[in-house]
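Engineer: Given the structure of chain H, go ahead and fit chain R onto it with the hints provided.
Sequence order for the protein chains is H and R. All the letters of the first sequence, read from the start, carry residue numbers 6 to 306 under the working numbering. All the letters of the second sequence, read from the start, carry residue numbers 6 to 306 under the working numbering.
What the hints contain is simulated information worked out from the structure, not anything from laboratory work. Just to be clear, a hint being listed does not mean it is correct.
Put simply, identical chains are the same to the list, so a pair is met inside one copy or across any two.
Within a straight-line C-alpha distance of at most 30 Å, the following computed DSS-like cross-link-like pairs (lysine-lysine) qualify [unchecked claim]:
(1) 305 <-> 236
(2) 164 <-> 140
(3) 73 <-> 85
There are 2 protein chains.
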Amino acid sequence: MIRARTLVATLAALLVTGPVSSAPPTMAEVLEASTPADWRRPAPEDTLYLDLASGRVVIELAPAFAPKHVAHIRALAKAKYYDGLAIVRVQENYVVQWGDPDAADEGKRRGTGDQPRTLAAEFARPIDGAPHFAKLVDGDVYAPEVGHSQGFPVARDPKAGRTWLAHCYGMLGAGRDEAADSGGGTELYVVIGHAPRHLDRNVTLVGRVLLGMEHLTTLPRGTGALGFHEKAEDRVPIRSIRLASDVPAAERSALQVFRTDTEAFRQLVEARRSRREPWFIEPTGRIELCNVPIPVRSAKD
Amino acid sequence: MIRARTLVATLAALLVTGPVSSAPPTMAEVLEASTPADWRRPAPEDTLYLDLASGRVVIELAPAFAPKHVAHIRALAKAKYYDGLAIVRVQENYVVQWGDPDAADEGKRRGTGDQPRTLAAEFARPIDGAPHFAKLVDGDVYAPEVGHSQGFPVARDPKAGRTWLAHCYGMLGAGRDEAADSGGGTELYVVIGHAPRHLDRNVTLVGRVLLGMEHLTTLPRGTGALGFHEKAEDRVPIRSIRLASDVPAAERSALQVFRTDTEAFRQLVEARRSRREPWFIEPTGRIELCNVPIPVRSAKD
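With the rest of the complex left out, here is chain H (with noise of 0.2 Å):
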């Protein structure tokens, strides 16, 4: 909504470091002032490459949160279970969701070796034990309490002693059938419009997109019921999906991922509840969960 006109003004705003201001800083601000220590590396066993024809898709998987599915998509990866698998669903304002076309023919399918087909489902966890939690103070519609652990959108019950990942844009799941046990990974899907919160605690969430969403977003549309591609011929053909640490160290994508349990992610925040960029004119005061940006670069910068 900003015009073409004022972009290069914009841009130059953003690069301005002047003197210190006694004001909270902007985005821009907290990530000039940001130290390495406020970033992050994602661990190589925990980064998931899905490489279509168009490019990666690089994934953070979540093991604090779903450690038994973690656990089976790093067996199904390494057994290279998903390569030549397609992408099977496109939905307007939902998912995109892979796994194995001919999944519902037991003699087609492709079969997961010595690993499992489905796992219990992993769609809360103990709040006792859990990674450190950013609190928003804005509350939300959902839950009743939202943050940020370990870079993922989480929300809590503090009364039933529960925590899960929360399904805003970008977030990666394990497609299920009716029964709550029926999933496990060999079908996923990454949220493609907006936050779908009505799924929380009913699919298990195992991880986030950090670069690479616009390989997903931009496909095309499936044109059966509920995004489903109806010919073979539509569906995109998965490359493979593999763990960074099973790529060589040239072929990975060196991330880092900005740190959401430090004093310049609570900035970070500030900064995004009450914008100071001087194109805003109602600062807005206030943030949602799934607003709430964690900034990915290169691990060159």
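Structural biologist: Below, chain R alone, put in the same frame as chain H:
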């Protein structure tokens, strides 16, 4: 996240119209039970067709919320101002924006004829005299009250006596420069990502996409800052923007939109708040403004 193998069963469930149950209906049941009075035909003078090579995007304008902007956009469309201009910006998880690539160059930019180039902002309007408001009961992170008016997602501040359109997925806004009154409609954008509600009351919203979002969301992302296209050849040309009332009847997209001022809509919202479809394990019991669907169907249905 539903798996392919349950699709047939799910579709069958959607089509079931058994004996009337005492349980609250699902959304499919609400729609199945709806009568012609639960649907409306958008006025042709409030319906805008954005025609691209890939197809048509149908937009409903909101004169009750931005009367001067809507009148201005109508006049610009009648004058064929937009024809041959281009989509100049596609930013991942944010907006698609179109206008005059030469807008910043007073010597080269397209003239607006007898129309002004800019208008005073219409960020909000008085609640007094506003159309019917179907209030949601689950609250909102950004505004004291939210709900729907005439098919649009809206927010309200009863103490201030003001109401405004909300930046949900598919909403159409009028881009502006840094000055509040520097917009007007020569540059327009559509939200293609998670609702950027911090833009509420910062930009004048003027309507909502009813059909054809996929022609915008699947466009290649701009490679420049803020998703602006850097090369002229990357811009997507606009064939034309027309009011439905200026298009021969045979060329119109005859649509019906689910009314939001009815008992049927109240039931639809309830059906989405508490999901009774068999796939759902946790029915949620809450809904956020931008997750409420406003069904659209062919007028032939």
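Engineer: Hint by hint, say whether it matches the structure.
Structural biologist: Going through the hints against the structure:
1. 305 <-> 236: between (42 Å within a copy, 27 Å between copies)
2. 164 <-> 140: both (16 Å within a copy, 29 Å between copies)
3. 73 <-> 85: Classified as within; 18 Å inside a copy, 59 Å across copies.
Every hint from the earlier list agrees with this structure, and none is contradicted.
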